[in-house]
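Participant: Sequence:
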Amino acid sequence: MGRLSIGPEGASHDPDEGYRTCSECGGDCIPEPSGADGMGIRIMWVCPQHGIHSVVDPFAHLREQDRLDREREYGE
Numbered sequence: 001m002g003r004l005s006i007g008p009e010g011a012s013h014d015p016d017e018g019y020r021t022c023s024e025c026g027g028d029c030i031p032e033p034s035g036a037d038g039m040g041i042r043i044m045w046v047c048p049q050h051g052i053h054s055v056v057d058p059f060a061h062l063r064e065q066d067r068l069d070r071e072r073e074y075g076e
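No gaps in the numbering here: position 55 of the sequence shown is 55 in UniProt numbering, and each next residue is one more.
Simulated from the structure, these hints should not be mistaken for lab results. Where a beta carbon is used, it is the ideal one built from N, C-alpha and C, also for glycine. Please note that the accuracy of each hint is not assured.
Each pair of labels, with its calculated beta carbon distance range [said to hold, decoys possible]:
(1) 9 <-> 52: 34 to 42 Å
(2) 9 <-> 49: 35 to 43 Å
(3) 9 <-> 50: 36 to 44 Å
(4) 8 <-> 33: 16 to 24 Å
(5) 72 <-> 28: 23 to 31 Å
(6) 35 <-> 65: 32 to 40 Å
(7) 61 <-> 23: 19 to 27 Å
(8) 31 <-> 63: 13 to 21 Å
(9) 24 <-> 72: 27 to 35 Å
(10) 35 <-> 67: 29 to 37 Å
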């Protein structure tokens, strides 16, 4: 997550950490791992005061690539 910038001085990464900031109070949310069979792992960002703020799937891009590879190989 974040933004990759390429400029005269080279590449830089500007992380967007809005997913971990509570939209109600602006506080820093606490990461809590979660998962389910067939769904993989998710990281829930939970505000101690307001509950779940966001859910992030850190491996979504890998799962999507795996799905596309299986489609090509097996025609699923």
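Participant: It remains to establish, for every hint, whether it holds in the given structure.
Facilitator: How the hints compare with the structure:
Restraint check, residue 9 to residue 52: a C-beta distance of roughly 39 Å satisfies the suggested window 34 to 42 Å. The hint said 35 to 43 Å for the Cβ distance between residue 9 and residue 49, and at roughly 40 Å that hint holds. Hint check: residue 9 to residue 50, Cβ distance near 40 Å, so the stated range 36 to 44 Å holds. Taking 16 to 24 Å as the suggested C-beta distance range, the pair residue 8 and residue 33 does not conform, at roughly 40 Å.
Checked against the hint of 23 to 31 Å, the pair residue 72 and residue 28 fails, with Cβ atoms roughly 42 Å apart. One distance hint, 32 to 40 Å for the beta-carbon pair residue 35 and residue 65, is violated here, with the actual separation near 19 Å. Between residue 61 and residue 23 the C-beta distance comes to about 25 Å, which sits within the given range of 19 to 27 Å. Taking 13 to 21 Å as the suggested C-beta distance range, the pair residue 31 and residue 63 conforms, at roughly 20 Å.
A hinted range of 27 to 35 Å is violated for the C-beta pair residue 24 and residue 72, which are about 44 Å apart. With their beta carbons about 18 Å apart, residue 35 and residue 67 fall outside the hinted range of 29 to 37 Å.
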